[in-house]
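Read top to bottom, the protein sequences are chains A and B. When you line the first sequence up against my numbering, it's residues 1 to 292, in that order. When you line the second sequence up against my numbering, it's residues 1001 to 1273, in that order.
Source of the hints: derived by calculation from the structure; they are not laboratory data. Hints may be right or wrong, so weigh each one.
Unchecked claim - Here are the in silico distance ranges between beta carbons for each label pair:
1. Arg-64(A) - Pro-1032(B): 40 to 46 Å
2. Thr-1145(B) - Arg-64(A): 42 to 48 Å
3. Ser-1243(B) - Asn-127(A): 55 to 61 Å
4. Phe-189(A) - Tyr-1224(B): 42 to 48 Å
5. Tyr-65(A) - Pro-1032(B): 32 to 38 Å
Stated by the list, open to error - Interface residues of chain B toward chain A, partial, derived using beta-carbon atoms under 7 Å:
6. Thr-1158
7. Glu-1178
8. Ser-1179
9. Ser-1200
10. Gly-1207
We treat Cβ as the ideally placed atom computed from N, Cα and C, and that holds for glycine.
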Amino acid sequence: MTRKTSLTMESNQSNQHNSLLASEADSQRTLYPYVTGTSVVAIKYKDGILMASDMGGSYGSTLRYKSVERIKPVGKHSLLGASGEISDFQEILRYLDELILYDNMWDDGNSLGPKEVHSYLTRVMYNRRNKFNPLWNSLILGGVKNGHKYLGMVSMIGVNFEDDHVATGFGNHLARPILRDEWHENLSFEDGVKLLEKCMRVLLYRDRSAINKLQIAKITEEGVTVSQPYSLKTFWGFSAFQNPTVGAEGSWWVVVRWVRPNPDQKKLRRPPLLLPLILPPRSPQLAANLDA
Amino acid sequence: MSNSAIDVPPKGGFSFDLCRRNDMLSKKGVQPPSYRKTGTTIVGLVFQDGVILGADTRATEGPIVCDKNCEKIHYMAPNIYCCGAGTAADTEAVTDMVSSQLQLHRYHTGRESRVITALTLLKKHLFNYQGHVSAALVLGGVDVTGPHLHTIYPHGSTDTLPFATMGSGSLAAMAMFESKYKEGLTRDEGIKLVVEAICSGIFNDLGSGSNVDVCVITKGHKEYLRNHLLPNPRTFVNPKGFSFTKKTEVLLTKITPLKEKVEVIEGGDAMEE
């Protein structure tokens, strides 16, 4: 009898222990992201690294914040760009702040380079993922130290690699094909910026959470420069966008055909004009198109 | 009152009777056979004289490539072609069906088919089946009203665009188009851009691969360039070739030349009324 009661007491205790643990774990685990940033694109160029991202922070499908800086310098030699949950990005910046501070306090003339910071971030992300409590970000770490350029990426599950050009989120699908085609060693600064702008423009057209306000950051041996926010020029003037349904039955747009008069006929004829039975409203746009 | 006495005419549209049975079977662990998909890159663009369509040539069955060189640009009418992505059977069947309907319509009206006719027939059919006919199409052609390019989604919605991409490689191909397309391209520039977009899909998307097919349609003339570019040649071919193991005994060698099955008789009897 005593054995039975002691067993039940043990199981009770373990149950309590388990339920405590479970409730603790549930309240701390990241389940979904809330305020998110979209893609970041980065390339190596002649003097260092160029990184571009837009400044939008979306809350689900609303564009909540339009001045989020998603590229930040880290220490003397690195730039960190992040997509995904903005609060987790801010937490990562705090961790890195602490890391750089401790490194400075050694005061030994050594400073953490981009490779070291990338390694640290990989460990942090992977360990968090193993505890089922990830930091919901895809990070890009770029920098130059002692003439060596470094560009690497870490995802939220800890996948990390180093490459000449990287992108996060939608940029993987839209920007990487362009970069694979057009990137080459020793790009000049202007060419690098043009290439990044090309990628950001495609992302602006085709990513629903992108906004037309971006920053480009540059890091070289001399230091970091983060540009002021600016917007890209877009082109919407394709003729097929102006009247897409011209000629279709029942559409508002009509086909006005001017027929060349028959050269055999002696008398002059006014060219015939085809008009539908119901005339569409004469909008200024239509008038401009017809007159052109 | 017996219910069977009332004769209800069969309703149109998809019959969902077997869905419950399929659900029950899948709960019991019975896997249905996987569809042969054309995980694809298909593109189309309008250039100054007409329309250019492009497609890759890989057909996949889950993770396996089942056809290395399939044809994804389907004939609809002499002046209209259609690229298909999604389930291969669905794209083939739907384009064949609408192609026959267009032919009958041509006999009926005595005129060249219009692209919007094909568009309406396709979207009617696809909407009727509520997205279960998994066919995503890029339809292009030149008719009396000019060059047209449309995309049709499996649920039946359509878009009219100057340039379009569909399939799993559509993002990679669209990246190429968005950065390089402009109005009034010449034929060579157009073909070059289409080839670039398809190659972007082939090399950046796992569902697309092998070769590039191109189809150029202009007023009164069409050119189907099958395997226009072969960027994935077989590089390492065994020089010895294939031979049976030495112990195989050859019992009999018989060579039969293939001959025509159908004999065409000139001036034969007319069909009976």
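Status of the hints after comparison with the structure:
1. Arg-64(A) - Pro-1032(B): 40 to 46 Å: holds, 43 Å
2. Thr-1145(B) - Arg-64(A): 42 to 48 Å: At 45 Å between Cβs, range holds.
3. Ser-1243(B) - Asn-127(A): 55 to 61 Å: holds, 56 Å
4. Phe-189(A) - Tyr-1224(B): 42 to 48 Å: holds, 46 Å
5. Tyr-65(A) - Pro-1032(B): 32 to 38 Å: violated, 45 Å
6. Thr-1158: With a closest approach of 10 Å, the Thr-1158(B) hint is violated.
7. Glu-1178: For Glu-1178(B), the interface hint holds, since the closest Cβ of chain A sits about 4 Å away, which is under 7 Å.
8. Ser-1179: holds, 5 Å
9. Ser-1200: Result: holds, 4 Å to nearest chain A Cβ.
10. Gly-1207: It is violated, given that the least Cβ distance between Gly-1207(B) and chain A is near 12 Å, above 7 Å.
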